[in-house]
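Chemist: Each chain, letter by letter, is given below.
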Amino acid sequence: MNEMTKIETTLKDWESDQEVRWCPGCGDYAILKAVQRTLPQIGADPANTVFVSGIGCSSRFPYYIESYGFHTIHGRAPAFATGIKLANPELDVWLVTGDGDGMSIGGNHTMHLLRRNLNCQIMLFNNEIYGLTKGQYSPTSRVGTTSPSTPMGSVDRPLSPCAFALGVNARFVARAFDVSKNLPEVLKAAHAHKGAAFVEIFQNCIVYNKDVFNDFAAPKGAEDQQLWLEDGQPMVFAKGARGIALDLDTLSLKVVDVVDGDWQGAGVLVHNVTNRAIAHMLVEMPFGPFPMALGVLYDDPRPTFEESVLEQNARAAEGKELDLARLLAKGQTWTVEG
Amino acid sequence: MASVAEDRPADSMMEGSTPEAVVVRFAGDSGDGMQLTGGQFTLSTALAGNDLATFPDFPAEIRAPQGTLFGVSAFQINFGSTAIETAGDAPDVLVAMNPAALKTNLAALKPGGLIIADTGEFNRRNLDKAKYDASPLEDGSLAKWDVLAFDISALTVEAVKPFGLGNKEALRCKNMWTLGLALWMFDRPRDPIYNWLRGKFAKSPELADANIAALDAGHAYGETAELAGPLKKLHIDPVESEPGLYRTITGAEAVSLGLVAGAQLARLPMFFGGYPITPASAILHNLVKMKEFGVTTFQAEDEIAAICSAIGASYAGQLGVTSSSGPGIALKGEAMGLAIMTELPLVIVNSQRGGPSTGLPTKTEQSDLYQAVFGRNGDAPMPVIAARSPADAFECAVEACRIATQYMTPVMLLTDGYIGNAAEPWKVPDPADFAPFPVSFLQEKNHGDQLLPFARDEKGARPWVKPGTPGLMHRIGGIEKNPGTGNIDYSPEAHQTMTEARRDKVLGVANSIPDQEVCLGEASGRMAVVGWGSTFGPIHQAVRRARRRGVDVAHIHIRHIWPLPKNLGELLKGYDHVLVPEMNTGQLKTVLRDQYLVDAKPLNKVSGQPFTIAEIEAAIEGALA
Numbered sequence: 001m002n003e004m005t006k007i008e009t010t011l012k013d014w015e016s017d018q019e020v021r022w023c024p025g026c027g028d029y030a031i032l033k034a035v036q037r038t039l040p041q042i043g044a045d046p047a048n049t050v051f052v053s054g055i056g057c058s059s060r061f062p063y064y065i066e067s068y069g070f071h072t073i074h075g076r077a078p079a080f081a082t083g084i085k086l087a088n089p090e091l092d093v094w095l096v097t098g099d100g101d102g103m104s105i106g107g108n109h110t111m112h113l114l115r116r117n118l119n120c121q122i123m124l125f126n127n128e129i130y131g132l133t134k135g136q137y138s139p140t141s142r143v144g145t146t147s148p149s150t151p152m153g154s155v156d157r158p159l160s161p162c163a164f165a166l167g168v169n170a171r172f173v174a175r176a177f178d179v180s181k182n183l184p185e186v187l188k189a190a191h192a193h194k195g196a197a198f199v200e201i202f203q204n205c206i207v208y209n210k211d212v213f214n215d216f217a218a219p220k221g222a223e224d225q226q227l228w229l230e231d232g233q234p235m236v237f238a239k240g241a242r243g244i245a246l247d248l249d250t251l252s253l254k255v256v257d258v259v260d261g262d263w264q265g266a267g268v269l270v271h272n273v274t275n276r277a278i279a280h281m282l283v284e285m286p287f288g289p290f291p292m293a294l295g296v297l298y299d300d301p302r303p304t305f306e307e308s309v310l311e312q313n314a315r316a317a318e319g320k321e322l323d324l325a326r327l328l329a330k331g332q333t334w335t336v337e338g
Numbered sequence: 001m002a003s004v005a006e007d008r009p010a011d012s013m014m015e016g017s018t019p020e021a022v023v024v025r026f027a028g029d030s031g032d033g034m035q036l037t038g039g040q041f042t043l044s045t046a047l048a049g050n051d052l053a054t055f056p057d058f059p060a061e062i063r064a065p066q067g068t069l070f071g072v073s074a075f076q077i078n079f080g081s082t083a084i085e086t087a088g089d090a091p092d093v094l095v096a097m098n099p100a101a102l103k104t105n106l107a108a109l110k111p112g113g114l115i116i117a118d119t120g121e122f123n124r125r126n127l128d129k130a131k132y133d134a135s136p137l138e139d140g141s142l143a144k145w146d147v148l149a150f151d152i153s154a155l156t157v158e159a160v161k162p163f164g165l166g167n168k169e170a171l172r173c174k175n176m177w178t179l180g181l182a183l184w185m186f187d188r189p190r191d192p193i194y195n196w197l198r199g200k201f202a203k204s205p206e207l208a209d210a211n212i213a214a215l216d217a218g219h220a221y222g223e224t225a226e227l228a229g230p231l232k233k234l235h236i237d238p239v240e241s242e243p244g245l246y247r248t249i250t251g252a253e254a255v256s257l258g259l260v261a262g263a264q265l266a267r268l269p270m271f272f273g274g275y276p277i278t279p280a281s282a283i284l285h286n287l288v289k290m291k292e293f294g295v296t297t298f299q300a301e302d303e304i305a306a307i308c309s310a311i312g313a314s315y316a317g318q319l320g321v322t323s324s325s326g327p328g329i330a331l332k333g334e335a336m337g338l339a340i341m342t343e344l345p346l347v348i349v350n351s352q353r354g355g356p357s358t359g360l361p362t363k364t365e366q367s368d369l370y371q372a373v374f375g376r377n378g379d380a381p382m383p384v385i386a387a388r389s390p391a392d393a394f395e396c397a398v399e400a401c402r403i404a405t406q407y408m409t410p411v412m413l414l415t416d417g418y419i420g421n422a423a424e425p426w427k428v429p430d431p432a433d434f435a436p437f438p439v440s441f442l443q444e445k446n447h448g449d450q451l452l453p454f455a456r457d458e459k460g461a462r463p464w465v466k467p468g469t470p471g472l473m474h475r476i477g478g479i480e481k482n483p484g485t486g487n488i489d490y491s492p493e494a495h496q497t498m499t500e501a502r503r504d505k506v507l508g509v510a511n512s513i514p515d516q517e518v519c520l521g522e523a524s525g526r527m528a529v530v531g532w533g534s535t536f537g538p539i540h541q542a543v544r545r546a547r548r549r550g551v552d553v554a555h556i557h558i559r560h561i562w563p564l565p566k567n568l569g570e571l572l573k574g575y576d577h578v579l580v581p582e583m584n585t586g587q588l589k590t591v592l593r594d595q596y597l598v599d600a601k602p603l604n605k606v607s608g609q610p611f612t613i614a615e616i617e618a619a620i621e622g623a624l625a
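Same order as they appear, the protein sequences are chains A and B. If you count the first sequence from 1, position 326 lands on 326 in our numbering, and the numbers rise without skipping. If you count the second sequence from 1, position 263 lands on 263 in our numbering, and the numbers rise without skipping.
Hints may contain errors.
[Claimed, not checked] Here are the simulated lysine-lysine pairs, BS3-like style, with alpha carbons at most 27 Å apart: (1) K466/B to K12/A; (2) K330/A to K203/B; (3) K161/B to K203/B; (4) K194/A to K466/B; (5) K200/B to K320/A; (6) K330/A to K289/B; (7) K194/A to K291/B; (8) K320/A to K289/B; (9) K233/B to K110/B; (10) K200/B to K161/B; (11) K200/B to K330/A; (12) K445/B to K6/A; (13) K291/B to K200/B; (14) K33/A to K6/A; (15) K6/A to K466/B; (16) K291/B to K320/A; (17) K330/A to K427/B; (18) K330/A to K291/B; (19) K220/A to K239/A; (20) K320/A to K427/B; (21) K12/A to K445/B; (22) K466/B to K188/A; (23) K291/B to K427/B; (24) K320/A to K330/A; (25) K203/B to K320/A.
[What the hints assert, rightly or not] Selected chain B positions facing chain A (Cβ under 8 Å, derived; list incomplete): (26) A261; (27) F271; (28) A313; (29) D430; (30) P431; (31) P467; (32) T469; (33) P470; (34) M473; (35) I479.
Since the hints were derived computationally from the structure, they do not count as laboratory data. Ideal Cβ placement from N, Cα and C applies to all residues, glycine included.
Only chain A is shown next, with the shape it has when bound in the complex (with noise of 0.2 Å):
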């Protein structure tokens, strides 16, 4: 996030005047309200705002939105932002990506961009399929999935995008999925991160990988497969009939049944966003026997790239005068007289 000058907006203002063209029922549609719902609630200005893409279903975004917008190549959209914020730290920017634009085709520049710790916040939507190339699979597929490059299922091994995004050294890592209303209070803590926000939205691809994220993101019924983290608050879910807790001998989590309320007695963690070990264990649990892990999983600012690199910027120019003729006859010069 900047520090800005807060600007009055309504939902509306943020809607462009291009023809949505996501398939119906897509779950971009779900991201792209909650993302228009809570630009206003920030106060942003749609004329300071940059949403910059790649390519794939979820790259299509910035068409949607009524603010500056650029639709760059497949996977690069890291480093197109990393040189809009360079030459103007002052705009606010987003990154749109999806599993195979991110994490795929542009894993190396969304490493980069991460451990540099650019000022801005990436959506990487994750719907562990290729769409807008009818329905390959994908980094994120899970072992066994059947496309058209993978007719018997595919045998190599996912990886985490929020495991990825630690393992890179991110100052902010977050979860959500399309449908959940908690998305707007997500995007709104990625905001206000100064510093590269790494938001990761499982995205559910109606055509080509329809309801994989069922277990724990179907509208109604899964909510006891969700565990919202809350900074200061215990690791509950199910209504708070089980937590997380640590086991003192494997040194891993393990989940807990919370009898009356007494969470505490059931040695339940309390979440602590900059713990960044707790952290690796909460993107690790595997789905099954553990809920899913979702809300801000880390949080522990640090200096940013865009301001380190102008303040140096700014050290190298001070008490120099800016003398085009005296920069070119620099080094030891001789003179041919007339």
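Let chain A serve as the given structure and place chain B on it in line with the hints.
Modeler: Leaving out everything else, chain B in the frame of chain A:
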């Protein structure tokens, strides 16, 4: 070029005591400091008022095994009292610091030339490494040259004895001893080298003193030894130059300064995204020292991120620049297409090297012309400019900035490894002599109450709209777009119209460039030798020599590779023969044949070494025979 003495020959020669030009090659092990020796000799020579050209030739390995043939590093300088445009065909003097250096450089040495060799290094071990059965200094195999062999190693160790250095450190002063001797031979001042050594070794003055002692000892050796035979002092008169302030400059320095000047003339801050690659990294290294001119540098994670970040910066309102060499340029191809499609300014510098693939990283070639003009998917037109020499690279960089910002287009600037590394005297330009081309950003809607980001001005350029400007929010991207609004538009009409608009805009750049001139000879006749890039020097000298013998031949040098100057087709049709020497297998030749249906004939060299004057002269003779 520093010289105005256009009509005088610049052939190197040693006859008499005041030759007009001399070619000296310093060759040694990569650890012997030959590039430093050459660089300092160059500076001293420039300060003595000679025109000069240099050719650093070094291996790709940082520290190749000592004494080996592939570990030899050489630095050639051609300097004289007349115009110098090449590093010289054949050295008059070869300084060989070890047997490998002698072996790899001997073939180039002019018959009757002088070999200076360090006998201290001609031991059995080094002779074996250089694959000599017997010492060439003793077996008579060097009979057609003058040989001056003495134990430079021992003389150096002796000279630096008072400073208490270890043997290894003492021997490292050898290059300065040799430089001292060379300075004596050519009557060059030692003061600039003293100053440089004191600066370089400011933290360890004893090393500065030792090196100075070695330098003085080498100089004194020439002075007092009064050797009978080949070693004699030669004086090269200063060249007749235009009055003014001069310095030496390498191509990489000139490109960097030209980019900074270009951004200043456009009144823009500049953003440079780069990734380390030989021989282009020097531009990044230079620009990091110019931050006070509004330059932001960014070492990206790869070549793709380097160009994408530069395009992002241009989108946000700065002048985006990226630089690389062939393999990196290949990686940038898709992003160039986006810059063409979104019509954003961008300068891409390609310091060409031998290819394909990794090719010859430290050797020169000009084989990326096709890549520059045609090397992208789709109909993706882009202006291309090529520099002919280190000094010329300055103006070319300014020109690239002008075209990029005035036409809202990426522009490629071609240099090569030779231009990038070589040095020559440069008459320091006055920034006031360059017409500024300030950029203006769109501040309000340009079509009533509507914004048309892809409306065009009389040059075919679209407006530059910076994010952050109130009321002008819009979206751009790589998908084909509506000719006015820029919204996604896949319709047949939109693609036809936009493809033609992009093509016509780039072709229209020809309206803003000078007509093609003939740089030597008449505007029609028997033969034109047409070149581009760093072959300028050898072509120019070869044509000059041929003309002196009465051959009807002209030299045409093309700076604007795409679009080509408007009169070029007509001009070429005025000659019976068109010869195109190139350090590739015939790329400009193909473009000229395609554009003008002229019977351009190729002359090609792809050995990683520049053309010699003699090679081009022979081709002229051959074609007209």
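Chemist: Taking the hints in turn, state whether each one holds.
Modeler: Structure-based check of each hint:
no. : hint             : result
1   : K466/B to K12/A  : holds, 23 Å
2   : K330/A to K203/B : holds, 23 Å
3   : K161/B to K203/B : holds, 20 Å
4   : K194/A to K466/B : holds, 23 Å
5   : K200/B to K320/A : holds, 24 Å
6   : K330/A to K289/B : holds, 12 Å
7   : K194/A to K291/B : holds, 26 Å
8   : K320/A to K289/B : holds, 12 Å
9   : K233/B to K110/B : holds, 19 Å
10  : K200/B to K161/B : holds, 21 Å
11  : K200/B to K330/A : holds, 17 Å
12  : K445/B to K6/A   : holds, 24 Å
13  : K291/B to K200/B : holds, 23 Å
14  : K33/A to K6/A    : holds, 20 Å
15  : K6/A to K466/B   : holds, 21 Å
16  : K291/B to K320/A : holds, 10 Å
17  : K330/A to K427/B : holds, 12 Å
18  : K330/A to K291/B : holds, 15 Å
19  : K220/A to K239/A : holds, 14 Å
20  : K320/A to K427/B : holds, 24 Å
21  : K12/A to K445/B  : holds, 21 Å
22  : K466/B to K188/A : holds, 26 Å
23  : K291/B to K427/B : holds, 24 Å
24  : K320/A to K330/A : holds, 14 Å
25  : K203/B to K320/A : holds, 25 Å
26  : A261             : holds, 6 Å
27  : F271             : holds, 6 Å
28  : A313             : holds, 4 Å
29  : D430             : holds, 7 Å
30  : P431             : holds, 4 Å
31  : P467             : holds, 4 Å
32  : T469             : holds, 6 Å
33  : P470             : holds, 4 Å
34  : M473             : holds, 5 Å
35  : I479             : holds, 7 Å
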